[in-house]
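2 protein chains.
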Amino acid sequence: MRRFFGEVKQDKFMLNGEDFKHLAVLRFSVGDEFLGICNDEYEYLCRIDQLDKKQAICSIISKQKCLQNPKVKITLFQALPKAEKLELITQKITELGATDLVLFTSEFTVAKPNPNKISRLEKITIEASKQCQRSTFLNIHPPITFDEMLKSLDCYDAVLFAYEKQKDIEKLDLKNYKNIAIIIGSEGGFSNNEVEKILQKSPIYFGLGKRILRCETAAIMSVGIVSYFVEN
Amino acid sequence: MRRFFGEVKQDKFMLNGEDFKHLAVLRFSVGDEFLGICNDEYEYLCRIDQLDKKQAICSIISKQKCLQNPKVKITLFQALPKAEKLELITQKITELGATDLVLFTSEFTVAKPNPNKISRLEKITIEASKQCQRSTFLNIHPPITFDEMLKSLDCYDAVLFAYEKQKDIEKLDLKNYKNIAIIIGSEGGFSNNEVEKILQKSPIYFGLGKRILRCETAAIMSVGIVSYFVEN
Chain A
1 MRRFFGEVKQ DKFMLNGEDF KHLAVLRFSV GDEFLGICND EYEYLCRIDQ LDKKQAICSI
61 ISKQKCLQNP KVKITLFQAL PKAEKLELIT QKITELGATD LVLFTSEFTV AKPNPNKISR
121 LEKITIEASK QCQRSTFLNI HPPITFDEML KSLDCYDAVL FAYEKQKDIE KLDLKNYKNI
181 AIIIGSEGGF SNNEVEKILQ KSPIYFGLGK RILRCETAAI MSVGIVSYFV EN
Chain B
233 MRRFFGEVKQ DKFMLNGEDF KHLAVLRFSV GDEFLGICND EYEYLCRIDQ LDKKQAICSI
293 ISKQKCLQNP KVKITLFQAL PKAEKLELIT QKITELGATD LVLFTSEFTV AKPNPNKISR
353 LEKITIEASK QCQRSTFLNI HPPITFDEML KSLDCYDAVL FAYEKQKDIE KLDLKNYKNI
413 AIIIGSEGGF SNNEVEKILQ KSPIYFGLGK RILRCETAAI MSVGIVSYFV EN
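As you go down the protein sequences, you meet chains A and B in turn.
Note that the numbering used here gives residue 151 to position 151 of the first sequence, counting from 1, and the numbers run on in steps of one.
Note that the numbering used here gives residue 240 to position 8 of the second sequence, counting from 1, and the numbers run on in steps of one.
No wet-lab data here; the hints were simulated from the structure.
Please note that the accuracy of each hint is not assured.
A few chain B residues facing chain A, derived, Cβ under 10 Å [said to hold, decoys possible]:
1. C364
2. N425
3. I444
4. Y460
Yeah, the Cβ is synthetic: ideal placement off N, Cα and C, and Gly gets one too.
Whole structure, please, built from the sequences with the hints as guidance.
Structure representation (structure tokens):
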């Protein structure tokens, strides 16, 4: 069944903006049903009551918990990559079950933080959520500094760091963790000084094999592997 | 150290074509050194002896086995997706350690097989191999039919199939396998009839979580997870 993003208002499900346009293009009409999502934990079975030029007003026939939402909080701390890579990361880690994306600047980041781009990423995670059948979106945080990133790590019960110079990779056992952070560098990686600071946070070393992965591949794989261990 | 793709001829390393142009743009000159790769298991430390308009002739100072090559044969059987997705898959599974990509048509594939596109994919895997520091490339096979794909599965000692309707996912234990096949559908998935035929091959069911992944995400994640289990 087709999924649309809208909002619940006084027991009605309201569609407007892009998703209303999309519903109109698909020639949905009064009486037709769809699954509504609104970034909460439910899927709403909706029936269109009224269609005007700018919105659809719908009855909520039933609601149920969406089973495809992530079970554990997985936050990707991603040093700012170029826009195209960031868009790919946003789409893929939504599909793979991340809950939060925190961008940060570091010594070797080249891309400039641009808060206006967040809304573009939000559109991407909404589309990806509909496609992969989540009802909650990836929460995208505006860029912070490296030091702010370090400080915020204290709030997580596991911090994973893919450090290629670490030879003894620990076997991943994530079943007791409910709030997992993953740190990934940008195209240029981290400076020695930054690596030192991250290592002081006693991260779990996380092996991504012997090959040198592009930053977007490392981000996507890290979230995918963490989800794999947490969900299976 | 910079990597270039060339060929070994009578104890010399020869660069021409794209990689020669690239070396020229980077203003390499006689006496400069680089790592040469030529789709065998070695990295060649080379020194430029002679540069003319179309090629570089280089001495091979030493050669050593490239440690970043895949240890196990991992073949992705991918039902033909759209070109853009296929290019992303080719780049990412090269980084993640696949050895072969076999394309096939199935009932719901929309993209048309086009042997001319193989050379574009070959360029992508060469670039990705240099970047991730492999010396062997992904071997890209021209499209076959679904039934030909089924037949060829008999040559593998493990066949992995991400089947979303299978509830009991087996714990992946791949350490005894040396030749692993992974089957991934195109955007439209497989027909019931095709699924039946694949299930008759007694595949190892392979969970990619509860969310519906795009075909390129499923392909990338499958290769990444198999590599993770095989290499760690």
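Cross-check of the supplied hints:
| no. | hint | in the structure |
| --- | --- | --- |
| 1 | C364 | 4 Å, holds |
| 2 | N425 | 24 Å, violated |
| 3 | I444 | 5 Å, holds |
| 4 | Y460 | 6 Å, holds |
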